[in-house]
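Go by the hints and put chain B onto chain A.
If you're matching them up, the sequences are chains A and B in order. For the first sequence, numbering that gives the first Met the number 0 gives the first residue as 0, with consecutive numbering after it. For the second sequence, numbering that gives the first Met the number 0 gives the first residue as 0, with consecutive numbering after it.
Keep in mind that the hints were calculated from the coordinates and are not lab data. On a predicted model such as this, the values are computed, not experimentally measured, just so you know. The C-beta atom is built at its ideal place from N, Cα and C for all residues, glycine as well. Just so you know, not all the hints are guaranteed correct.
[What the hints assert, rightly or not] When the alpha-carbon atoms are kept at most 27 Å apart in a straight line, the in silico BS3-like pairs for lysine-lysine are as follows:
(1) Lys120(B) x Lys232(B)
(2) Lys51(A) x Lys60(B)
(3) Lys17(B) x Lys51(A)
(4) Lys17(B) x Lys85(B)
(5) Lys85(B) x Lys323(A)
(6) Lys172(A) x Lys278(A)
(7) Lys51(A) x Lys169(A)
(8) Lys120(B) x Lys331(B)
(9) Lys169(A) x Lys193(A)
(10) Lys278(A) x Lys296(A)
(11) Lys51(A) x Lys172(A)
(12) Lys278(A) x Lys85(B)
(13) Lys169(A) x Lys323(A)
(14) Lys296(A) x Lys320(A)
(15) Lys407(A) x Lys17(B)
(16) Lys60(B) x Lys17(B)
(17) Lys169(A) x Lys407(A)
(18) Lys320(A) x Lys120(B)
[Said to hold, decoys possible] Listed next, the stretches of chain B that the computed footprint assigns to chain A, with coverage defined by at least 3 CB atoms under 8 Å from CB atoms of chain A:
(19) 27 to 36
(20) 50 to 59
(21) 62 to 72
(22) 83 to 93
[Said to hold, decoys possible] One side only, chain B facing chain A, incomplete, derived with CB under 8 Å:
(23) Leu21
(24) Ser41
(25) Arg106
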Amino acid sequence: MSSTSFNVRRVRREIEHLIGGDNVSDAEIDRVCYSRDAWPLRLMQLGRLVTKPRPDLIVWPTTVEHIQHVLRIANAEHIPVTPVSGGSGVCGGALPTRGGIILDLKRMNRICGLDEESYTVTVEAGLLGYELEQYLSVRGYTTGHAPSSIFSSAVGGFAAARSAGVLSSKYGKFEEIVVSLEVVLPNGELLRTKTVPRSSMGPDLKQLFIGSEGTFGIITELTLRICPLPESTQFASFLFPDLHTGMEAVIRFFRRDLRLALIRLYDENETRFVLGRFKSPPEGACVLNLIYSATKKLVSLERRTVTRICEAAGAEPLGPKPSKHWWDNRFDLYYPSSINLGPGMLYDVLDVAASYANLETMYWRMREAMEKLGVSTMSHFSHFYPDGGNIYVIFIGHAGSSEEAEAKYSRVWKVGLEAAHRAGGTLSHQHGVGLLKAPWMPVEHGPVGFALLEAIKQYLDPHNILNPGKLGLGSKASPSTDTPTAQGGDSP
Amino acid sequence: MSGSPPPSSSDALDQFAKVSRLCSLCARMCRHACPTHVATRSDACSPVGRALVVELYRGHKTALTETPVDRLYQCTLCGACKAWCKPGHELPRIIELARERVIQEHRAPLGIIDLDQTVSKHNNVYSEPHEKRFASLAPVLEQQHSGDNVIYFVGCTTAYRHPEIATAAIHVLNRLGVTAHILQNEVCCGSPLVRAGYTETARTLARQNVEAIATSGIRTVLTTCPGCARALKHDYPKLNTPLPGSTTVFHITEFLAKRRRQLQRLLTSPTTTQGSTSTAVTYHDPCHLGRELGVYNPPRQLLQLLPGIRLVEFQNTRDHADCCGAGAVLPKTFPQLAAEIAHRRLDDAAQTGASLLISSCPNCKQHLTSHQTPSSAMPFLDLMELLARALK
Numbered sequence: 000m001s002s003t004s005f006n007v008r009r010v011r012r013e014i015e016h017l018i019g020g021d022n023v024s025d026a027e028i029d030r031v032c033y034s035r036d037a038w039p040l041r042l043m044q045l046g047r048l049v050t051k052p053r054p055d056l057i058v059w060p061t062t063v064e065h066i067q068h069v070l071r072i073a074n075a076e077h078i079p080v081t082p083v084s085g086g087s088g089v090c091g092g093a094l095p096t097r098g099g100i101i102l103d104l105k106r107m108n109r110i111c112g113l114d115e116e117s118y119t120v121t122v123e124a125g126l127l128g129y130e131l132e133q134y135l136s137v138r139g140y141t142t143g144h145a146p147s148s149i150f151s152s153a154v155g156g157f158a159a160a161r162s163a164g165v166l167s168s169k170y171g172k173f174e175e176i177v178v179s180l181e182v183v184l185p186n187g188e189l190l191r192t193k194t195v196p197r198s199s200m201g202p203d204l205k206q207l208f209i210g211s212e213g214t215f216g217i218i219t220e221l222t223l224r225i226c227p228l229p230e231s232t233q234f235a236s237f238l239f240p241d242l243h244t245g246m247e248a249v250i251r252f253f254r255r256d257l258r259l260a261l262i263r264l265y266d267e268n269e270t271r272f273v274l275g276r277f278k279s280p281p282e283g284a285c286v287l288n289l290i291y292s293a294t295k296k297l298v299s300l301e302r303r304t305v306t307r308i309c310e311a312a313g314a315e316p317l318g319p320k321p322s323k324h325w326w327d328n329r330f331d332l333y334y335p336s337s338i339n340l341g342p343g344m345l346y347d348v349l350d351v352a353a354s355y356a357n358l359e360t361m362y363w364r365m366r367e368a369m370e371k372l373g374v375s376t377m378s379h380f381s382h383f384y385p386d387g388g389n390i391y392v393i394f395i396g397h398a399g400s401s402e403e404a405e406a407k408y409s410r411v412w413k414v415g416l417e418a419a420h421r422a423g424g425t426l427s428h429q430h431g432v433g434l435l436k437a438p439w440m441p442v443e444h445g446p447v448g449f450a451l452l453e454a455i456k457q458y459l460d461p462h463n464i465l466n467p468g469k470l471g472l473g474s475k476a477s478p479s480t481d482t483p484t485a486q487g488g489d490s491p
Numbered sequence: 000m001s002g003s004p005p006p007s008s009s010d011a012l013d014q015f016a017k018v019s020r021l022c023s024l025c026a027r028m029c030r031h032a033c034p035t036h037v038a039t040r041s042d043a044c045s046p047v048g049r050a051l052v053v054e055l056y057r058g059h060k061t062a063l064t065e066t067p068v069d070r071l072y073q074c075t076l077c078g079a080c081k082a083w084c085k086p087g088h089e090l091p092r093i094i095e096l097a098r099e100r101v102i103q104e105h106r107a108p109l110g111i112i113d114l115d116q117t118v119s120k121h122n123n124v125y126s127e128p129h130e131k132r133f134a135s136l137a138p139v140l141e142q143q144h145s146g147d148n149v150i151y152f153v154g155c156t157t158a159y160r161h162p163e164i165a166t167a168a169i170h171v172l173n174r175l176g177v178t179a180h181i182l183q184n185e186v187c188c189g190s191p192l193v194r195a196g197y198t199e200t201a202r203t204l205a206r207q208n209v210e211a212i213a214t215s216g217i218r219t220v221l222t223t224c225p226g227c228a229r230a231l232k233h234d235y236p237k238l239n240t241p242l243p244g245s246t247t248v249f250h251i252t253e254f255l256a257k258r259r260r261q262l263q264r265l266l267t268s269p270t271t272t273q274g275s276t277s278t279a280v281t282y283h284d285p286c287h288l289g290r291e292l293g294v295y296n297p298p299r300q301l302l303q304l305l306p307g308i309r310l311v312e313f314q315n316t317r318d319h320a321d322c323c324g325a326g327a328v329l330p331k332t333f334p335q336l337a338a339e340i341a342h343r344r345l346d347d348a349a350q351t352g353a354s355l356l357i358s359s360c361p362n363c364k365q366h367l368t369s370h371q372t373p374s375s376a377m378p379f380l381d382l383m384e385l386l387a388r389a390l391k
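Excised from the complex, chain A in its bound form (with noise of 0.2 Å):
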């Protein structure tokens, strides 16, 4: 659905003559391919064939130059412009909600320089997870950052969604990876931060773009940390009576300064699904799976200090399988199955964090007002920090016929996001907003902090060109035409 009006075969020939012709699309059956991300809303639809949003045109920039020309005509023509990359990301933030152009940077993929003296690797947006990590293994590096999309996404969606992998509590979130960026303003002026490792100059700028997803520039070149390949990688399990004394335990790791690779908490219902090849678990028993990743020396003390706070909780230890079998197949989930996408089927995950202090409150209120509706739901906590962790709450359920379940999926999503944020939980962990937390960004930030980021927006883009809707901003400026899509933003 177009909500902009705009001549396309009058741009298209502008952006061609500008790019080149093979770097620009208007042809139907491509513009239905660039109509979904990995929402599972939107896949929902798309499997009822419903093929919009569409773009009007996609065009594959291959410099910078090539965007900051897109950027000046949209910019001139008000024409709304939607940045993807992997495209991989969960909440619709790569839809192009208002048609107009949708700006691939899968062929920027260049990397441009690998820094051993100073451990870092600058490379272009486009750039898949799975290749750049392809080009530093062979090297004997790693950016540590392994999300479960990494084979579908892009390094600066890593950024614009301010993403986590799962080794994060070891590696860093990506903002913490990020060194410096290189965008592209929407009217077509270009920003550099400088690639220092740290700076007291004022704010840091590069923050601001990290989880604008889009909205307020196009992140096109990243300098980023990496880290030599571990020497050793051992798994270890424990199993713990209740996820309280698991959760206890997990603290204390941090107390006595632990950073561990890996450390998912898993509720008794995750427990039985993950154990269920190893063990029939006691009710209500918890399992936890942890791996560490450092150097030989590194892992003896970890492994020994961990083995010893487990066992004084009164864990049993599994041994490695179960953690290891994780590690293995812990794509599997990822692809789409009868289970997850069948006709009626409705499913998706709640990554939220809290303060440890709320983690555990914030878990059982999402529980029970997402259960109350007739879905099942199992859980597990990973990301942890000092001060707390994320929670994913997974659900999965069924309706009557497909549109009772996106009507249902909907309500799901809102009654979770209504306990964690009463429990004093962020709505998002690392998943990133898109069009599915959108209508949640004020209730996020309170009144003062979105007006802030509207103010912002208005400032860096003020025709609302640059994916807008996402986030919640520029709302304002064009109303709303992303409801269609937008099923799961419901007003909260």
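What follows is chain B alone, placed relative to chain A:
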């Protein structure tokens, strides 16, 4: 979008409806491995994009007009998507079936619009005279002594473009006491036609070859072309033209790997080049041989036999090996895309540091050598050529 007449309920595509639906909704878990996507970086030119074309067609949301047809034919059917798919969805088979519909609706892309007529008329894909199919093999065939009898199914590309592979293969077989019999009425195996959607013409060719094999009385068939091997083993039964019951088809590397001990006794001369003590070679897994027939170890076992040869693997190898770009008539339909894919594979070969590129497929050889540039001009040999040199 305009609709098209609904396919009949018996349409084979419908049998794969669940798979094409799931592939169209996938989070793109195989896109990074698709050679055409890697070359174009377009989501439309990707496994998910093609599955979506099929779904939209099945749901009467698109007709098989030029661009949807282009997207279906911008695929080498290399099977890399399948290798990365944990549930193992058979998207390449779905694309083949969709191409059948394209042909039935007379919507073939320009590059292959008369492919079936060409092959029907000449019995090969190169419009070469049928009577010259084995012309260059006559001297080596005449020198054969009697031994264990096998049929050597030569195939179009080996016969007309790379007879040196056939000469080498026959030499190696002879040294092992095996007599290679050529089917004088051999015709194209039909693989390119099956891949392009011309199923009926492929069936006609299959019948001719099956009859020739049946008449020969020999029940062991060897090929040097993985495409021919796949056609004889897997496509012919699907075309309802199976080989005589007791017939066994081998790619020649499988056949020879079973005779490794015998080969080893014959191998005496080092095959090193330019006086060095060892030659680093890299091995390109042909898609039909690897992912389709599961033949990964035999070529490597043969390479290990060769004195002075050291195998250095590609970064993407075995079931994750990248396609050379020659698959499924892509050089005819989208030559520029096919060339781009070849250049990437050649660059990857150079990255290995090897000084010799080896494969076991005349089509890979044909395509890769024709796209070598001064910077990627690594000598290329079929494994049979390397073996034959070592046995001289």
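We went through each hint and held it up to the structure:
1. The suggested pairing of Lys120(B) with Lys232(B) holds, with an alpha-carbon distance near 25 Å, which does not exceed 27 Å.
2. Annotation: proposed proximity of Lys51(A) to Lys60(B) holds, straight-line Cα distance about 12 Å (limit 27 Å).
3. As the CA atoms of Lys17(B) and Lys51(A) are separated by approximately 22 Å, the hinted pair is consistent with the 27 Å bound.
4. Between Lys17(B) and Lys85(B) the alpha-carbon distance is near 16 Å, which keeps this suggested pair within the 27 Å criterion.
5. This hinted pair checks out: Lys85(B) and Lys323(A) have alpha carbons roughly 17 Å apart, not beyond 27 Å.
6. This hinted pair does not check out: Lys172(A) and Lys278(A) have alpha carbons roughly 33 Å apart, beyond 27 Å.
7. With a C-alpha separation of about 40 Å, the suggested pairing of Lys51(A) with Lys169(A) is violated against the 27 Å cut-off.
8. With a C-alpha separation of about 18 Å, the suggested pairing of Lys120(B) with Lys331(B) holds against the 27 Å cut-off.
9. Among the hinted pairs, Lys169(A) with Lys193(A) is consistent with the structure: their alpha-carbon atoms are about 25 Å apart, no more than 27 Å.
10. For the proposed pair Lys278(A) and Lys296(A), the alpha carbon gap of about 31 Å is over 27 Å, so the pair is violated.
11. Distance check on the hinted pair: Lys51(A) and Lys172(A) sit about 33 Å apart at the alpha-carbon level, beyond 27 Å; violated.
12. A threshold of 27 Å between alpha carbons decides the hint, and for Lys278(A) with Lys85(B) the separation of about 24 Å falls inside it, so the pair holds.
13. Proximity of Lys169(A) to Lys323(A) is assessed by CA-CA distance (about 18 Å); at most 27 Å being required, the pair is judged to hold.
14. About 22 Å separates the Cα atoms of Lys296(A) and Lys320(A), which keeps this hinted pair within 27 Å; it holds.
15. With a C-alpha separation of about 24 Å, the suggested pair Lys407(A) and Lys17(B) falls inside the 27 Å cut-off, and the hint holds.
16. With a C-alpha separation of about 17 Å, the suggested pair Lys60(B) and Lys17(B) falls inside the 27 Å cut-off, and the hint holds.
17. The hinted pair formed by Lys169(A) and Lys407(A) fails the criterion: a straight-line CA distance of about 37 Å is larger than 27 Å.
18. Restraint check for Lys320(A) and Lys120(B): the C-alpha separation of about 61 Å exceeds 27 Å, so the hint is violated.
19. Interface restraint, the stretch 27 to 36 of chain B with chain A: holds (5 residues with C-beta to C-beta distance below 8 Å; minimum three).
20. Evaluation of the coverage hint for the stretch 50 to 59 of chain B: fulfilled, as 5 residues show C-beta separations to chain A shorter than 8 Å, against a requirement of three.
21. Counting residues of the stretch 62 to 72 of chain B whose beta carbon lies closer than 8 Å to any beta carbon of chain A gives 3, which reaches the threshold of three, so the coverage claim holds.
22. Closer than 8 Å: that is the beta-carbon criterion, and the stretch 83 to 93 of chain B has 4 residues meeting it against chain A, so the requirement of 3 holds.
23. Against a cut-off of 8 Å between C-beta atoms, the interface hint on Leu21(B) holds, since the closest Cβ of chain A lies about 5 Å away.
24. At a threshold of 8 Å, the smallest CB-CB gap from Ser41(B) to chain A is about 7 Å, leaving the interface hint in force.
25. Against a cut-off of 8 Å between C-beta atoms, the interface hint on Arg106(B) is violated, since the closest Cβ of chain A lies about 14 Å away.
Violated hints, listed in ascending order, are 6, 7, 10, 11, 17, 18, 25; each of the other numbered hints is respected by the structure.
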